[in-house]
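Asker: With chain U fixed as given, assemble chain X onto it according to the hints.
The residues making up each chain are set out below.
Number of protein chains: 2
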Amino acid sequence: MNENKNLAILLGHIKTLLGDRLSLSESVRQHHGEEMTHYDVCLPDAVAFPDTTEEVSQIVKLCHKYEIPVIPYGAGTALEGHFMAIHGGITLDFNRMNRVKAIHNQDMDCTVEAGVTREQLNHEIRDTGLFFPIDPGANASLGGMAATRASGTNAVRYGTMRENVISLKAVMADGTIITTSSRAKKSAAGYDLTRLLVGSEGTLGVITEITVKLYGIPEAISAAVCPFTSLEGAVDTVVDVIQMGIPIARIELIDQELLDILNRFSDLNYPLEPTLFMEFHGSPSSVQEQAEMVEDIAKSHGGHAFQWATRPEDRKKLWQARHDGFLAVRAAFPGKDFWVTDVCVPISRLAECIEETREDIARVDITAPLVGHVGDGNFHLTIPYDKNNPEDVARIEQVNKRLVERALRMEGTSTGEHGIGLGKKKYMMLEHGPALDFMKTIKKALDPKNILNPGKIFDL
Amino acid sequence: MNENKNLAILLGHIKTLLGDRLSLSESVRQHHGEEMTHYDVCLPDAVAFPDTTEEVSQIVKLCHKYEIPVIPYGAGTALEGHFMAIHGGITLDFNRMNRVKAIHNQDMDCTVEAGVTREQLNHEIRDTGLFFPIDPGANASLGGMAATRASGTNAVRYGTMRENVISLKAVMADGTIITTSSRAKKSAAGYDLTRLLVGSEGTLGVITEITVKLYGIPEAISAAVCPFTSLEGAVDTVVDVIQMGIPIARIELIDQELLDILNRFSDLNYPLEPTLFMEFHGSPSSVQEQAEMVEDIAKSHGGHAFQWATRPEDRKKLWQARHDGFLAVRAAFPGKDFWVTDVCVPISRLAECIEETREDIARVDITAPLVGHVGDGNFHLTIPYDKNNPEDVARIEQVNKRLVERALRMEGTSTGEHGIGLGKKKYMMLEHGPALDFMKTIKKALDPKNILNPGKIFDL
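In the order they appear, the protein sequences are chains U and X.
Residue numbers for the first sequence follow the numbering used here, so the first one is 499 and each next one is one higher.
Residue numbers for the second sequence follow the numbering used here, so the first one is 499 and each next one is one higher.
Here chain U stands alone, though its shape is the one from the complex (with noise of 0.2 Å):
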């Protein structure tokens, strides 16, 4: 009743700020409160749709004061639940906070809004002869990168977001803006705020813009595929590959089932064997001796049929492909719901994992099709389930929880990119053990209110 009254009077106020920027509507709600994957649908009371750093502080600051949750909203393409409204509040959409603020050529830097796209982002620094590759698939906003500590396909060359974000403004739980860091390609003066924003998911601090690397448009670049007879030949390539310390800018395992449905969405013939997809960057002369190295390491690990993809539309044409998995699994099984998760191992025990991975699919007969950033130890499965089906579900569930259990058994984490959200809470304490008291300590000094994107990553 009290919590009632007090959002009435809230959104009263930020009305008064926003104007027809606040939304209350049926279908803007619903919009904030649906994700592509299996978590039930949860809304906001309201929408507010931001336009400077301050507004969201003016923002904050009322939710502080009434005690009402704040949830950030991006590009809306988060996997893991983080944007639901589980306790209700009002989600922030970044979608009007998209402009780029300043590019710096010599120092290979920009700083951006919360709202601006990667691909907004490449677009608008295309004729700088720089671009921004963290690339994890969707075209999801750099403020929600930032908040999941994205990573995706060519994260095994360049890094994630924890290597590309410099500083970043954020808005503390009070509403005090503060910046993280300089732009100085390093620093020892502090405590790393920057770090300890990213992949916060929105619990310690409101991002509302990003200051990220940028790198040389390579002046060469080439694409191959090459099927492997087994799957342990392909994973047994990329880890000889990373040793070897070939800089190779993407390779992404795709096993036989997730080929099978990309041939057929995407019109294409590859061969139905676990595959390898490659992407070189550099000089012409580096890019053909880091493709004939790779072509001989695969070649030793029953690696055949090399396919090169020097011409951009070709190689356009085949990360199409890889990025639309998604899309793809969802065409070939209509009317299905989609389970999506991740983990990350260390790369010697990628292939046990996904073998031992793929043993308990078969036995307990579902689909999972596959598809990993191997040279991160990083792979995913979507499956496709029915969420009215109790068994369904719990079986999923299961298929998921071991699956993760093998992955910290292995020394690895219970999510490389996709993050905790609400669906790997469940996890943090095997995979943190008494470490995790000491995040929430931080949550609770850092939000003493518990307003900002309230139970995600953990309840306290």
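Worth double-checking, as some hints may not be accurate.
If several chains are the same, the list does not tell them apart, and a pair holds so long as it fits within one copy or across any two.
What the hints assert, rightly or not - With a Cα cut of at most 27 Å, we get these calculated BS3-like pairs of lysine-lysine: (1) K563 <-> K942; (2) K563 <-> K938; (3) K559 <-> K938; (4) K513 <-> K503; (5) K942 <-> K559; (6) K513 <-> K947; (7) K559 <-> K947.
FYI, nobody ran anything at the bench for these hints, they're computed from the structure.
Answerer: The following block gives chain X in isolation, referenced to the frame of chain U:
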């Protein structure tokens, strides 16, 4: 009085635990309270030499109970007063915790105890084909390097401790032992406690084990020295090299003044001009390609007399001379004290920052040899002076203050790699503004009794 009583009881307990491995001797305490730089000697009440993380945990638990400070101590190579026992307490010397606990060749990582030094580590892994690149010059311990977010000459290619620590084992203020992360190459599972502890200078937890990335020893290495007609030409060369994405492994700037000192100290005869020391790592063809590109760039900026060192002994001599910089400066000014400082700016501002700094130094008529990890925008001054001469002290303090203010004005940081310690606390507010409050909030939450290296980074 109460404090003294607490201390006496505490020492009794630790004595029971460690026996001879607790020292109260004046000479041992002296050794642990004296830096190579300008800080006044400041002794701890006792020095403990733990053997295991469990012992560290027991000691910290006792210190927590009796509210006595704990100061971690590695190789004693800190430069900003990091291990000065300004509030007394127990220094934890990690000298005996010097085991390499695990080497994972396939994953290219290893786990070491905090007292292992970087030279020891590289010696112990010499047969694996792998090496640990981070090289701050001194033979620092990995615990100290993690705690101060160390970097050094080849951070331009391999990154700093921020990028190279995979996981930490640490003892928190109440004695709890935590592991901050799995060995997976990436993770999106919760807050990045690893990077929160890296650079926290012993104020948030006592690091006892470090898992770091290793790299394949490059197939080919070559080094070169190139003098320039102007300092600006040298810096512009660096900017172009970085912008073209040339993966140079080291690119160090040494000014005429320091070069003169090095020539005399190491019996060399480099021409007295601003000079770049460089190193290239890779395959033979890639090293050659890199080197040719850099030589062309250098020539276009007034670089001349490129001098190659491809034989290992010549390379060693070259880098030994560079690493002996501090020793050489000390030898050149017998009887003097030395004020060491560093800042870091975006490389687009580096030439301007160095130029203004040199003008300032000339204006106040002091000697301040300059060396820079210029690929990162980081440079150092080593200033001989007399710490008993108040005018001298005041003058150097003002130079340092203007240096820091200049770096911050140019969107840089007050320290690129030496850390805050005691010396740069006064600039934390200027650098971080309101973000500083949140650092303090974290410190208070994780160490409510303020026993972990109190008085470093900031005062509460």
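Asker: Please go over all the hints and tell whether each is borne out by the structure.
Answerer: Hint by hint, here is what the structure shows:
no., hint, verdict
1, K563 <-> K942, "both (16 Å within a copy, 23 Å between copies)"
2, K563 <-> K938, "both (22 Å within a copy, 22 Å between copies)"
3, K559 <-> K938, "both (22 Å within a copy, 21 Å between copies)"
4, K513 <-> K503, "within (15 Å within a copy, 61 Å between copies)"
5, K942 <-> K559, "both (17 Å within a copy, 23 Å between copies)"
6, K513 <-> K947, "within (23 Å within a copy, 44 Å between copies)"
7, K559 <-> K947, "within (12 Å within a copy, 30 Å between copies)"
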